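> Sequences are here, hints too, so could you generate the full structure?
There are 2 protein chains.
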Amino acid sequence: MKNRVITISREFGSGGRTIGRAVAEALGIPCYDHELLQEIAAKSGFAEAYIRDAGEYAPGGMIASAFSHQPSGPNNADYLWEIQYKLITELAEKGPCVIVGRCADYILRDKADCLRVFIHADMAFRAKRIVDVYGEREASPEQRLRDKDKRRAAYHRFYTDMKWGHAQNYDVTLNSGTLGLDACVRIIKSLY
Amino acid sequence: MKNRVITISREFGSGGRTIGRAVAEALGIPCYDHELLQEIAAKSGFAEAYIRDAGEYAPGGMIASAFSHQPSGPNNADYLWEIQYKLITELAEKGPCVIVGRCADYILRDKADCLRVFIHADMAFRAKRIVDVYGEREASPEQRLRDKDKRRAAYHRFYTDMKWGHAQNYDVTLNSGTLGLDACVRIIKSLY
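As they're listed, the protein sequences go chains F and Z.
Each residue of the first sequence is one higher than the one before, counting from 1 in my numbering.
Each residue of the second sequence is one higher than the one before, counting from 1001 in my numbering.
Simulated from the structure, these hints should not be mistaken for laboratory data.
All values derive from a computational prediction rather than experimental measurement.
Hints are not guaranteed to be accurate.
As a list, the in silico BS3-like pairs of lysine-lysine whose alpha-carbon atoms are at most 27 Å apart [to be verified]:
hint: 1; chain 1: Z; residue 1: K1111; chain 2: F; residue 2: K128
hint: 2; chain 1: Z; residue 1: K1086; chain 2: F; residue 2: K163
hint: 3; chain 1: F; residue 1: K189; chain 2: Z; residue 2: K1150
hint: 4; chain 1: Z; residue 1: K1086; chain 2: Z; residue 2: K1111
hint: 5; chain 1: Z; residue 1: K1094; chain 2: Z; residue 2: K1150
hint: 6; chain 1: F; residue 1: K86; chain 2: F; residue 2: K128
So this is what it looks like as structure tokens:
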């Protein structure tokens, strides 16, 4: 099996983005993550920070609008989803790459030779890691993780109808906390 | 991290047992699967075939008894669980090994250095495989798979309170259908 594209979904703080970058570097192929945000920003006219929140961590408003009884056309989140969908499809057609987040696994499910990866770790590992990487915040690391997990799962479920973190949705899932980031990179590389 | 014990949970027909045996052989350590059934049979006085059904694929009766309003002591399934629990704990203490099925991942969660693996594959791959390995039956392969999946998940949930197939319960989950059995063996071996 030739996997032209590697998609990495990940729990916040699990190191999935770091793993994605390391895999891409080792394989000599591009990794899209922040770059995706920039492209979506350029195409949509929205600010990157807005897209980061609206696009990945489903805001209350977006989910609320979906269940609203008031008739309404597509909202900002739907508009961004559309742009994101097209962009990811185009990138996958362009050549081999790693794509982190943004429901790429779902978007490419019928369109590309995909190795679909999910990275997770337990709360203690991730709590330590987000403080190391992103620094302290007013909310405790555990609170921040619970909030991000909830929003990411809700966004994913809303647009893909797939259960977040269900083994059956992926080719491989890895616990970066027990296996270590290096082992994760090695395994993904070996499957490409 | 030194993983002394490898536990393999698997969807029926995914090749998890075959993978477990190959990993054990490559590492030169024992693999417990049928052997576990034989030991439980010897200790309990029940026939192996009964244990296979009662112990792994929760029979309606067992689940029904759990929700029954009639006061009752432990039933056969609880009695077998007790024996299985002790046996798996003892085996893990004895030395490195691979244990296939029987909720070993849950039983050893606090007791051993465990590499917890889950093997799955899509319906088409498993349907083809169970016909190749176990032959035709009156029920269609898809019906057989749906039935086994349901029973295995119910048994696992009943005794462990963990969600079957949830990535977060494992160190690594692998899709044997897309990756191939050999790649699964190689990855598990490399993590030991």
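> Look at each hint and say if it fits the structure.
Now the hints, each set against the structure:
About 25 Å separates the Cα atoms of K1111 (chain Z) and K128 (chain F), which keeps this hinted pair within 27 Å; it holds. Proposed proximity of K1086 (chain Z) and K163 (chain F) is contradicted: the alpha carbons are some 34 Å apart, above 27 Å. A C-alpha spacing of about 34 Å is found between K189 (chain F) and K1150 (chain Z), which places the hinted pair above 27 Å, so the restraint is violated. Using a Cα cut-off of 27 Å, the hinted pair K1086 (chain Z) and K1111 (chain Z) holds, with the two alpha carbons roughly 12 Å apart.
Distance restraint check for K1094 (chain Z) and K1150 (chain Z): the Cα-Cα separation of roughly 33 Å exceeds the 27 Å cut-off, and the hinted pair is therefore not satisfied. For the hint pairing K86 (chain F) with K128 (chain F), the CA-to-CA distance comes to about 36 Å; that exceeds 27 Å, so the pair is violated.
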